[in-house]
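Asks: Single-letter residue listing:
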Amino acid sequence: MTDLSEEIDHYLRRLFPLCRSITGHGNRETLRILQEIIPLSILEIPTGEKVYDWEIPREWNVREAWIKNSRGEKIVDFRNNNLHLVSYSQPVHTRLGWNDLKDHLHYREGLPHAIPYKTSYYRETWGFCISWDDCRRLFPGDEEFEVFIDSELTQGNLTLGEMLIPGKSRREYLISTYFCHPSLANDNLSGVVLTAFLARELMKTPRQFSYRVVFAPETIGAIAYCQTHEEAMKKILGGFVVTCVGGPGSVYFKKSFDPGHWINAVVEDVLRETGEEFLVYPFDHGSDERQYSSPAFRINMVTVGKDKYFEYPGYHTSLDNLDLVKAGAIHQSLGIYLKVLDRLDLEIIFENFNPACETMLSRHGLYPRNDEDLVFSKGKGLNEIHIILWLLFYCDGKTGLNEISRKMEVPVEALGRVAEKLEKAKVLGRV
Amino acid sequence: MTDLSEEIDHYLRRLFPLCRSITGHGNRETLRILQEIIPLSILEIPTGEKVYDWEIPREWNVREAWIKNSRGEKIVDFRNNNLHLVSYSQPVHTRLGWNDLKDHLHYREGLPHAIPYKTSYYRETWGFCISWDDCRRLFPGDEEFEVFIDSELTQGNLTLGEMLIPGKSRREYLISTYFCHPSLANDNLSGVVLTAFLARELMKTPRQFSYRVVFAPETIGAIAYCQTHEEAMKKILGGFVVTCVGGPGSVYFKKSFDPGHWINAVVEDVLRETGEEFLVYPFDHGSDERQYSSPAFRINMVTVGKDKYFEYPGYHTSLDNLDLVKAGAIHQSLGIYLKVLDRLDLEIIFENFNPACETMLSRHGLYPRNDEDLVFSKGKGLNEIHIILWLLFYCDGKTGLNEISRKMEVPVEALGRVAEKLEKAKVLGRV
Amino acid sequence: MTDLSEEIDHYLRRLFPLCRSITGHGNRETLRILQEIIPLSILEIPTGEKVYDWEIPREWNVREAWIKNSRGEKIVDFRNNNLHLVSYSQPVHTRLGWNDLKDHLHYREGLPHAIPYKTSYYRETWGFCISWDDCRRLFPGDEEFEVFIDSELTQGNLTLGEMLIPGKSRREYLISTYFCHPSLANDNLSGVVLTAFLARELMKTPRQFSYRVVFAPETIGAIAYCQTHEEAMKKILGGFVVTCVGGPGSVYFKKSFDPGHWINAVVEDVLRETGEEFLVYPFDHGSDERQYSSPAFRINMVTVGKDKYFEYPGYHTSLDNLDLVKAGAIHQSLGIYLKVLDRLDLEIIFENFNPACETMLSRHGLYPRNDEDLVFSKGKGLNEIHIILWLLFYCDGKTGLNEISRKMEVPVEALGRVAEKLEKAKVLGRV
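Residue numbers (this note's numbering), protein chains in the order written: chain B, 1 to 431; chain F, 1 to 431; chain L, 1 to 431.
If you're looking for bench data, these hints aren't it; they were derived computationally from the structure. A hint or two may mislead.
Put simply, identical chains are the same to the list, so a pair is met inside one copy or across any two.
In silico DSSO-like links for lysine-lysine, alpha-carbon gap of 30 angstroms or less [to be verified]:
#, residue 1, residue 2
1, K255, K204
2, K234, K50
3, K421, K118
4, K339, K50
5, K234, K204
6, K235, K426
7, K235, K398
8, K255, K407
9, K50, K426
10, K234, K398
11, K255, K398
12, K398, K168
13, K407, K234
14, K407, K235
15, K50, K398
16, K421, K50
17, K424, K50
18, K168, K424
Between the sequences and the hints, there should be enough to build the whole structure, so can you do that?
Replies: So, in structure tokens, the structure goes:
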């Protein structure tokens with residue numbers, strides 16, 4: 001394992017056991033640990049606050065939760081796996097027979113070894129999730145059971161983490177991940193960890209654009225973030241919902257709602273250059289793009305990952321664990337995100353300072369001394385004088401460098417180098 | 001025959017013998033009879049009134065018109081068939097030989113049994129139309145003939161019928177038909193009768209949009225209508241020139257000038273769903289789309305029918321009669337028009353009341369209790385939660401339901417049902 | 001040879017020997033001779049004047065320039081071929097050995113018989129160009145040589161020629177050629193001569209549009225012209241960079257930057273109609289389109305010619321002479337330009353004076369007496385009534401006749417004839 005894979009592995013193991021939900025101490029603890037990696041700001045939004053059509057729910061915390069059989073043995077215990085407890089379960093302490101208990105038990109006959117993941121954020125109830133195997137083994141119908149859920153639903157807060165990595169330009173890309181799932185590794189501890197390391201990488205070198213990094217509980221968290229950052233969200237250039245990035249399967253790409261948006265083109269370019277097969281999914285409402293792409297914001301949000309939600313066996317069950325998800329896979333996804341972001345960061349919009357007629361290149365020290373370079377019009381070659389002329393032709397203050405790259409069929413990196421040279425010579429400038 | 005077919009048949013038979021032209025009592029009588037079906041308003045526009053580049057002509061009426069041979073026998077008589085008289089023939093009473101008469105006789109050698117249909121609205125002349133067979137039989141060259149046309153061209157009016165069927169929205173579709181042809185069944189008594197029954201059907205159920213129904217003599221009548229309703233005509237959403245809808249041939253569809261306009265898409269969808277072959281004609285200047293689609297109005301006007309003008313044998317002759325045109329065929333065309341209009345009426349433009357982020361469906365009683373419905377992102381399936389999310393995503397106050405239907409690949413009827421539910425829940429509303 | 005070919009030949013021979021550069025008496029003399037053909041205006045722009053990012057250079061003139069060997073023999077003499085002297089060479093009179101001389105000698109080993117063409121407008125130096133064969137033969141390394149360049153670089157002017165051929169409309173097309181090359185026949189004496197005769201032809205018949213004809217030294221001349229005619233240049237409809245039109249090879253067409261602009265469609269139509277093969281080059285920065293198509297002007301400039309610059313052997317050497325370029329080839333190119341301009345000149349924008357509903361054709365004497373012409377809707381036939389209706393339909397004051405021609409699939413010449421008839425009848429008019 002490389003150093004970075006080891007770091008990823010370290011945080012996966014520390015964060016996996018925490019009981020996260022849409023609110024609660026497990027969420028705070030998760031963000032606190034991520035602060036070891038990046039300087040996250042923490043936002044606490046109080047219970048009852050209206051956020052668009054929604055309202056921040058009460059904060060949920062659990063001390064313990066178990067079911068005992070008639071012999072007093074804990075046959076289901078939240079401490080063994082936080083998936084055992086339906087998220088947002090009301091407190092309860094009672095004795096009841098199988099007939100009353102069974103409505104509160106959830107399992108999946110089709111996946112007999114797996115504990116399913118279940119939540120009840122907005123319906124007041126309680127419940128336990130167990131594997132079908134355990135259900136059959138542990139719950140003889142003639143017994144009485146003791147159920148204890150020491151949870152509380154209180155006036156509290158919903159907790160968000162955010163940071164803004166400022167670039168030269170105040171225009172921003174959004175990188176958002178959700179951290180409301182408890183011990184589920186691909187969905188979405190993988191995305192949480194990747195996002196933290198991605199942000200750390202972005203901080204290392206100066207960037208053209210600014211990057212807004214958001215850790216929010218899915219849906220309600222993203223909604224709360226949009227509400228509290230409405231003006232900023234209306235100016236986002238595009239973004240990423242980072243989720244399910246650590247599976248063993250092949251890389252996938254879920255497009256944004258406007259397939260013609262260049263963020264899709266950039267992602268496809270990067271993935272195609274890897275030379276490996278990848279799956280492409282159309283836009284859909286699977287995650288927080290529901291909020292970010294809603295009519296008021298219409299941010300083009302893409303997801304790149306490994307093993308998309310819904311699409312892998314064991315999704316939303318205890319099978320989505322650290323046997324399935326490996327640091328190396330997350331590291332691989334991280335590499336793709338970095339390449340995409342590097343590419344996007346080159347999407348600079350330049351303005352030719354001499355829009356009327358051509359720039360006198362020699363006056364600006366840009367004219368080649370070497371005669372060879374003057375043969376500039378034989379097809380779309382790559383010699384510098386040719387690139388300079390086309391760049392100045394296209395840099396009308398409205399067209400980004402990636403778009404120009406596609407028009408010129410010249411790699412954007414090469415264009416970027418020439419553009420910087422022209423910028424230093426003060427013949428063009430960033431808008 | 002169904003009841004409706006019988007009704008259609010009844011009116012075909014009553015209306016067929018009337019002598020219609022661009023003006024005159026036959027036109028008034030036609031509209032009076034149509035008032036038995038629908039509450040038509042009658043507009044009378046006086047002779048001499050300027051209507052754009054045109055002028056309302058004198059009103060033309062005929063009492064009788066015949067040719068007698070030297071034995072005093074009526075060999076051609078307007079009473080037998082109103083096609084015998086060239087429409088707008090001047091009054092005349094004279095005796096003349098074959099050489100003088102023959103310039104006033106019209107026939108078609110290629111259709112020897114048929115009386116051709118001929119008009120001379122804007123050139124002062126008179127004439128008779130007869131079959132080629134009769135011509136050869138009845139007009140020996142050595143005889144003298146008596147010609148009598150008891151017509152009058154007077155300061156009168158051009159007569160129009162119209163009604164507005166108001167819907168919830170004041171935005172209108174135009175349904176226009178022309179009723180200036182005398183005893184010609186497909187062109188265009190069929191269209192006149194269909195339009196009346198179509199309007200009656202539209203009145204039966206509340207509509208989203210308003211429908212403007214116009215009975216006008218072709219060309220001059222449509223021009224007069226545009227001139228006198230200029231502002232209304234500039235706001236029409238689209239429309240239909242109802243003509244030639246009762247032939248025995250296959251269904252045809254004549255597109256509007258902008259093939260990309262959704263009225264074309266809706267008609268094609270409806271016709272394709274019938275499972276039967278249909279002919280498609282490009283836009284052309286065959287009828288009153290010349291007026292409605294002119295640069296000042298540019299209304300997209302389509303025609304759906306059976307046996308298009310110009311395209312069937314016997315067109316514009318006495319062969320276009322009630323042997324050719326049957327009530328059942330008109331009934332079939334009426335069914336298509338109704339389906340198209342129902343579809344168009346679903347072209348509702350909704351606005352999502354929560355444009356920022358997603359609507360909290362459970363708060364509005366829209367969240368499914370059944371867990372199955374939650375698996376909403378596996379492809380573009382049809383479960384309700386999925387349709388709700390996509391609908392709310394697309395309902396930006398600018399996009400119509402049919403357009404959303406095409407984007408979602410979900411039948412517009414299904415969308416309509418869900419949209420109504422969302423409307424009742426007050427999470428979206430009509431623009 | 002035709003008379004016109006003979007005239008072209010005459011001017012080729014007179015103009016070929018003149019020493020042209022970006023400034024100087026040779027340029028003035030060239031324009032003076034062209035004034036025998038067309039009434040060119042001469043513009044003199046003084047040295048030092050700022051033109052956008054550039055500055056008008058000093059004027060350069062040469063009296064004589066030679067190299068003598070140790071025996072006093074002129075072994076290289078500007079009088080024999082003005083290509084021998086690097087354009088803008090500084091004055092010099094000195095004796096020097098081979099080692100010092102050789103840096104000032106230019107040749108092409110790959111084309112051993114050819115004298116290369118070389119300039120040094122913006123770097124102060126001097127030099128001679130010779131064939132590789134002569135270089136080896138005449139310059140033994142052990143000799144001393146005398147170099148004399150009697151040139152002067154003075155406060156002077158840059159000389160431009162221009163004329164405006166006014167049409168009915170003040171909207172202009174631009175026809176620009178460059179005349180800064182000395183004795184090079186295809187690049188670009190051919191373009192200079194063609195442009196003069198093209199302008200003479202354009203003056204012969206009244207035109208719809210105006211034509212701006214510009215003779216300018218490449219780059220600096222076009223820049224100076226843009227700077228001094230900025231407002232006019234911002235309203236140009238499209239144009240031509242006339243260059244390399246007299247080679248023996250096949251016809252080529254270099255597109256403008258917007259391939260969808262109709263000037264490209266018109267050129268392609270004309271070339272396709274010749275029935276001969278032609279080469280198509282994409283837009284590139286080869287010549288003065290660098291100025292005219294720059295962001296401030298964005299004029300769509302095309303080039304049609306024979307043997308494009310860069311693409312023929314001997315390009316920019318003494319092999320580009322009157323053995324390569326023949327009057328007949330220029331005459332052929334001229335014919336193409338004339339056809340294209342005739343076609344463009346038909347790109348008239350008409351406005352239907354009766355935009356609401358149709359024009360009453362009979363009232364304007366436009367309705368056919370012949371019944372045959374009334375069958376106007378059977379497909380897109382060519383009978384006149386049909387053409388009239390479609391023309392009036394499309395003439396919305398925004399759409400040009402060529403565009404309507406493409407939409408109607410009717411030759412623009414036929415449309416033009418009908419449009420003129422309608423114009424005379426005052427039912428439509430030119431915008």
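Asks: A separate judgement is required for each hint: does it hold in the structure or not?
Replies: Hints and how they fare:
no.	hint	in the structure
1	K255 <-> K204	within (28 angstroms within a copy, 46 angstroms between copies)
2	K234 <-> K50	within (20 angstroms within a copy, 44 angstroms between copies)
3	K421 <-> K118	between (56 angstroms within a copy, 28 angstroms between copies)
4	K339 <-> K50	neither (38 angstroms within a copy, 45 angstroms between copies)
5	K234 <-> K204	within (27 angstroms within a copy, 46 angstroms between copies)
6	K235 <-> K426	both (28 angstroms within a copy, 29 angstroms between copies)
7	K235 <-> K398	both (16 angstroms within a copy, 21 angstroms between copies)
8	K255 <-> K407	both (22 angstroms within a copy, 16 angstroms between copies)
9	K50 <-> K426	between (50 angstroms within a copy, 18 angstroms between copies)
10	K234 <-> K398	both (19 angstroms within a copy, 19 angstroms between copies)
11	K255 <-> K398	both (24 angstroms within a copy, 23 angstroms between copies)
12	K398 <-> K168	within (17 angstroms within a copy, 36 angstroms between copies)
13	K407 <-> K234	both (29 angstroms within a copy, 25 angstroms between copies)
14	K407 <-> K235	both (26 angstroms within a copy, 26 angstroms between copies)
15	K50 <-> K398	between (39 angstroms within a copy, 27 angstroms between copies)
16	K421 <-> K50	between (51 angstroms within a copy, 24 angstroms between copies)
17	K424 <-> K50	between (50 angstroms within a copy, 23 angstroms between copies)
18	K168 <-> K424	within (15 angstroms within a copy, 49 angstroms between copies)
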